[in-house]
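K.L.:
Chain by chain, the residues:
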Amino acid sequence: MLEITTAHYMVLSASLFMIGVIGVMVRRNIIIIFMSIELMLNAVNINLAAFSYQLEHVVGQVFAVFVIAVAAAEAAVGLGIILAFYRNKETVNIDEMNVMRW
Amino acid sequence: MTVEAQRPMFDTNEMVLNMGPQHPSTHGVLRIVLHLDGERVADSDIVIGYLHRGIEKLSENRDWTQIILLTDRMDYVAAASTNLGYCETVEKLMSIEVPRRARYVRTVLNELQRIASHCLWLGTHAMDIGAMTVFLYAFRERELILDLFEEYCGARLTYNSQRIGGLPLDIPPGWDRKVLEFCDIMDSKVGEYETLLTHNRIWLERTRDIGIISGSEAVALGMCGPALRGSGVPRDVRKDEPYAAYDEMDFDVPIGDRGDTYDRYLVRLEEFRQSTRIIRQGIEGLPEGPFIGKVPRLIKPPAGETYHAIESPKGEIGFFIVSDGRSTNPYRFRVRSPSFCNLQALPRLIRGHLVADVVALIGSIDIVLGEVDR
Amino acid sequence: MGEAIAFYGLSAFILGFAILVVTTRNTVHSVLFLVANFMFVAMLYVLLSAEFLAVIQVLVYTGGIVVLYLFVVMLVNLKGSPEAHEDPRRLARTGLLLSGAVLAEFAAIIVYSAARPSSGATVSDAGLSDVGGNVEQVGWMLYTNYLIPFEVASILLLVAMVGAIVLAKREL
Amino acid sequence: MVDIFVIPLLKIVILLNAILVSVSYMTLLERKVIAWVQSRLGPMRVGPRGVLQPIADALKLMIKEDITPAKADKWVFTLAPMMVLVPALIVFAVIPFGPEVNLFGRLEPLYITDINVGLLYIVSVASLGVYGIILGGWASNSKYPLLASLRASAQLISYEVAVTMTLVSMIVTAGTLSMVGIVEAQRESGLWFLFVQPVAFVLFFIGGLAETNRAPFDMPEAEQELTGGFHTEYSGMRFALFFLAEYANMIVISSVATTLFMGGWLRPFPAVEALGFLDLIPSWIWFISKTFAFLYVFLWIRATLPRYRYDQLMRLGWKVLIPIAIGNVVVSGVVKVLL
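Chains as they are written, first to last, in the numbering used here: chain Y, 3 to 104; chain E, 196 to 569; chain H, 69 to 240; chain Z, 69 to 407.
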């Protein structure tokens with residue numbers, strides 16, 4: 003147990019990912035759902051960094067950088083949508099986001 | 196803080212913000228209810244009356260000389276001008292001839308008062324826009340004027356410096372020389388203010404094109420004084436209806452051309468220079484003679500009514516007084532105060548501007564709440 | 069030994085804060101826990117000698133993206149956050165499903181690493197200096213082998229920026 | 069054991085105390101400098117010529133009642149001042165106050181650590197300070213602080229872009245991210261980078277003023293407009309923490325500017341042999357005096373200039389500073405490749 007292997011990092015990553023999934027499934031507040039997605043992306047990054055460490059190659063880190071870039075884009079657009087939606091419907095409950103237009 | 200508590204903090208449409216009555220840059224107890232669209236002022240309500248002491252009603256129960264004391268408390272940063280306005284009105288009502296020497300000293304006092312008041316305005320106005328050093332520089336010079344006033348009448352703020360028919364005292368010996376010395380100091384210090392502000396890019400950005408008001412609109416809103424002259428209207432009671440010794444003085448009335456905050460600033464800065472010019476003329480041409488005219492022991496003006504206005508630092512301050520000719524106090528006493536009239540233009544000025552401009556514009560119209568609320 | 073303490077400590081914090089993010093009612097607190105979570109993930113990257121990634125994590129994620137979240141949370145200013153499904157049993161079903169998935173995943177990892185011990189060489193043995201948080205190496209990779217993905221990512225960011233402005237602006 | 073635990077801990081303790089003392093004395097310096105500019109004396113009562121004023125202030129702030137507004141979010145309200153101060157303090161870990169010097173027979177560097185992503189570390193940690201400001205304003209549950217904190221965070225994020233772009237051009241020039249490496253690069257080139265990258269220096273300085281919320285960019289705490297800014301509802305020690313953070317940030321910006329542009333601990337004109345006698349002055353004194361020169365300029369500007377309006381500030385940041393910074397990066401890159 004005292005020897006930390008890549009498997010340890012994978013278990014951590016899997017657990018973090020699952021917490022993110024649970025957040026997405028259970029919570030109704032779309033902002034929380036977005037944050038859960040960020041948690042999942044972080045879990046992926048931990049995996050990438052761990053494999054990069056194991057394989058002694060930086061390509062994993064390069065991919066993690068791309069993931070962060072995509073996360074930034076996703077957050078910007080997603081939050082823009084939340085704001086636009088909130089302005090019209092005065093809610094952030096995902097159950098009420100059931101129309102294609104308003 | 197909140198006017199409508201049930202409103203969410205960030206309504207997407209409008210937010211109501213209460214500025215004052217305890218706010219560091221509303222210059223007293225002015226309260227402005229701002230309806231904000233983002234940070235832009237969509238509309239505003241001005242709430243006054245927090246400093247109402249009923250001076251007008253009070254005056255109707257005081258005898259004529261006691262009222263001078265009350266006028267001190269109206270525009271408390273320019274008490275000498277209010278004193279003068281009241282005394283001249285009563286003199287007009289009673290047709291008292293004021294000796295020439297008294298009229299000259301009154302002119303000098305009035306102009307000293309104008310410089311002191313403008314110093315206070317400049318300091319606070321610059322402070323509102325964030326230039327804190329100007330504040331202390333301007334107060335440094337104001338202090339010299341207060342010293343001069345103290346030497347003349349013993350008080351530093353509420354002077355009680357005029358009497359009906361003339362002055363309470365002749366000028367102390369050597370005072371005239373000190374006043375001239377002060378004029379020299381003042382002329383150089385105005386240059387200092389100008390170095391700090393006039394060509395400062397940030398100052399220009401903060402004041403240019405902020406609160407533009409055209410001359411006709413300003414007249415329609417009843418604006419007066421430097422705030423009106425900044426819009427290009429050459430209205431100055433000192434020139435148009437000379438009182439005291441202004442008809443014998445040579446001076447210019449500076450006017451602006453755009454009517455923005457910067458122009459109002461320039462007009463007042465130029466008035467510093469014109470005031471020292473008038474003071475020099477007043478001291479150098481000071482005639483000999485008595486300092487108070489022939490005034491009856493009991494002041495009891497004949498029945499009648501009169502209106503008389505003078506140019507106070509803030510603008511045209513007018514007194515409308517009715518005497519019934521029987522009692523020793525006025526039947527009706529009413530003041531047209533420049534701060535009040537200028538304040539009416541504020542909602543028009545701040546509409547469409549940002550919150551930060553609101554404080555710049557309050558400074559730019561130069562109000563004193565003691566005079567607004569009376 | 070030191071690595072084990074660091075790993076378990078960080079993992080506990082990461083998972084703890086992640087759970088708090090998902091369970092907290094107050095959205096602002098939730099964002100704060102997310103910040104803490106990201107900081108600990110950054111520390112984990114340092115443990116994996118990916119310093120560049122750690123710094124980028126703090127700079128972009130914590131200092132940028134989450135601030136954006138905070139902004140939005142304040143702008144929408146929720147009094148009571150919307151909660152609860154119409155069907156409460158759905159929660160239980162989801163939970164069951166997800167626990168199964170997690171268990172399966174753990175099993176897979178353990179089986180995998182037990183079955184192929186040779187490739188699952190302990191990372192503690194791995195040379196730190198070769199991979200080790202080398203900014204130059206990451207930069208080199210980004211600008212040579214991964215130049216086209218890099219450019220695509222920048223276009224993506226540009227598009228996202230334009231999109232976010234279009235969406236959030238009240239009237240154009 | 070001594071090398072990995074005792075020495076660094078000792079250094080951290082010494083540095084932390086030095087920083088906190090200099091931060092509190094910054095308040096005195098500010099009051100004195102501004103007073104002199106305004107032809108006043110400044111604090112004179114506590115101690116000879118007022119030198120004990122910061123201690124009196126600290127005592128006063130500590131014994132004052134620490135008020136939490138009834139409707140405030142108590143946890144966040146308490147946490148916010150710390151979240152501002154901590155990033156400002158941990159940045160000092162990578163700032164090199166001097167090279168390796170001989171102390172009691174040991175060769176010790178005058179910095180806590182030299183990591184290979186030093187500059188990025190500073191940028192990223194500094195970007196965390198914005199949380200404290202936003203949360204402080206939000207947790208107060210009051211309008212003016214909220215408005216001020218939104219302003220502050222928008223300002224910090226905007227100017228962070230410009231400052232980071234400026235730092236990129238410095239990285240290109242120096243060829244390293246390590247703070248020590250940047251100073252060494254200046255020694256090798258024999259020139260302070262101030263003369264190599266004057267545009268970057270000006271941009272960094274303006275951006276630094278905005279990042280530390282100093283005049284003329286001090287809208288977040290524009291007391292004339294917002295009655296005090298994001299810390300309106302704070303009192304006592306928590307209020308003091310916000311101020312400690314502001315001054316600590318000023319020192320950070322000055323130290324980083326010194327390291328990047330003014331040769332860090334190097335003497336002026338490090339390549340000119342004729343000035344070798346200046347090396348008699350210890351390196352850390354050079355560093356501290358340069359930093360103080362910067363701080364003095366900060367105060368001088370505060371005493372002189374009016375305040376920008378919020379939209380003008382944003383316009384300046386996005387339409388002037390960021391384009392120039394990007395252009396500067398491109399030019400630096402091209403020059404670096406061509407030379």
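Derived from the structure by calculation, the hints contain no laboratory data.
Treat the hints with care, as some may be off.
[Stated by the list, open to error] With the Cβ distance kept under 8 Å, some of the chain E side facing chain Z (calculated, not the full set):
| # | residue |
| --- | --- |
| 1 | Ala321 |
| 2 | Ala326 |
| 3 | Arg401 |
[Claimed, not checked] To spell it out: a stretch of chain Y is covered by chain H in this simulated footprint if at least three of its residues, at any positions, have a beta carbon under 8 Å from a beta carbon of chain H; those stretches are:
| # | stretch |
| --- | --- |
| 4 | 5 to 19 |
| 5 | 76 to 84 |
Predicted model, so just to flag it, every value in this text is computed and none were measured.
Glycine included, every Cβ here is placed at the ideal spot set by N, Cα and C.
K.L.:
Decide, hint by hint, whether the structure agrees.
P.N.:
Evaluation of the provided hints:
no. : hint     : verdict
1   : Ala321   : holds, 7 Å
2   : Ala326   : holds, 4 Å
3   : Arg401   : holds, 6 Å
4   : 5 to 19  : holds (count 13)
5   : 76 to 84 : holds (count 8)
Taken one by one, the earlier hints all hold for this structure without exception.
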